[in-house]
Amino acid sequence: GDSVTQMEGPVTLSEEAFLTINCTYTATGYPSLFWYVQYPGEGLQLLLKATKADDKGSNKGFEATYRKETTSFHLEKGSVQVSDSAVYFCALSPYNFNKFYFGSGTKLNVKP
Amino acid sequence: DTGVSQDPRHKITKRGQNVTFRCDPISEHNRLYWYRQTLGQGPEFLTYFQNEAQLEKSRLLSDRFSAERPKGSFSTLEIQRTEQGDSAMYLCASSLWQGATGNQPQHFGDGTRLSIL
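From first to last, the protein sequence lines are chains A and B. One gets the working numbering by counting positions in the first sequence from 1 and adding 254 to each. One gets the working numbering by counting positions in the second sequence from 1 and adding 13 to each.
These are computed hints drawn from the structure, not numbers from a lab. Heads up, some of the hints might be wrong.
To be verified - To be clear about the criterion: a stretch of chain B counts as covered by chain A if any three or more of its residues have a C-beta under 8 Å from a C-beta of chain A, and this derived list gives those stretches:
no., stretch
1, 50-60
2, 121-130
What the hints assert, rightly or not - Computed beta-carbon distance windows for the label pairs:
no., chain 1, residue 1, chain 2, residue 2, range
3, B, Leu52, A, Thr259, 16 to 24 Å
4, B, Trp110, A, Leu267, 32 to 40 Å
5, B, Gln93, A, Thr324, 39 to 47 Å
6, B, Glu65, A, Leu267, 34 to 42 Å
7, A, Ser268, B, Glu81, 26 to 34 Å
8, A, Asn276, B, Gly112, 44 to 52 Å
9, B, Arg35, A, Arg321, 18 to 26 Å
10, B, Gln67, A, Asn363, 24 to 32 Å
11, B, Gly112, A, Thr324, 29 to 37 Å
12, A, Lys361, B, Arg22, 38 to 46 Å
Predicted model, so just to flag it, every value in this text is computed and none were measured. Note that beta-carbon positions come from the ideal geometry of N, C-alpha and C, so glycine has one too.
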């Protein structure tokens, strides 16, 4: 069945460091891919999305490219800030968009 | 866009009691989803509605769980005879389904945290 695997955390970085959070997926057909962010005590917020192969989603300095050949959607940011500290979830939605499948989340801690 | 709102934010109850949660989606959204999230895990799909019709239920949704969306607007999730294992964050999300053009991303509420004593 459809699923998402993302790197385990926590990931601890210093401010202005480069961030990569790996995400790979298994799906039939052509799913859409998403990254959501969750701050403590809050719900999930959409960070970025990509709906077809080779699409690049970007928002707030974060980027992820839909790689069908490697079934991956890795999240990157060139220079993280303390305010980026949160839990990041990779998710996929099958072509018929009935529901989302989420990874287990990666906690990011950014130190000043 | 006032966002998805959920009520209550926190619920503490004794094992065996019934609880009901409410979700108010973004007004123009026709799809509504319920998820359960346990500590350190991603949300797990429970069920979803398109307008007032419940179109899919996960195997996670035991007979003690029931969800409704009677007028195609707000939804309720009821858990009967609660058990310790029901302790979790219950998240609601909504989206706009536009047929062949596909679904827009889901917008999540802040969730209801359920604690079973």
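Q. Looking back at the numbered hints, which does the structure fail to meet, lowest number first?
A. 6, 7, 8, 9, 10, 12
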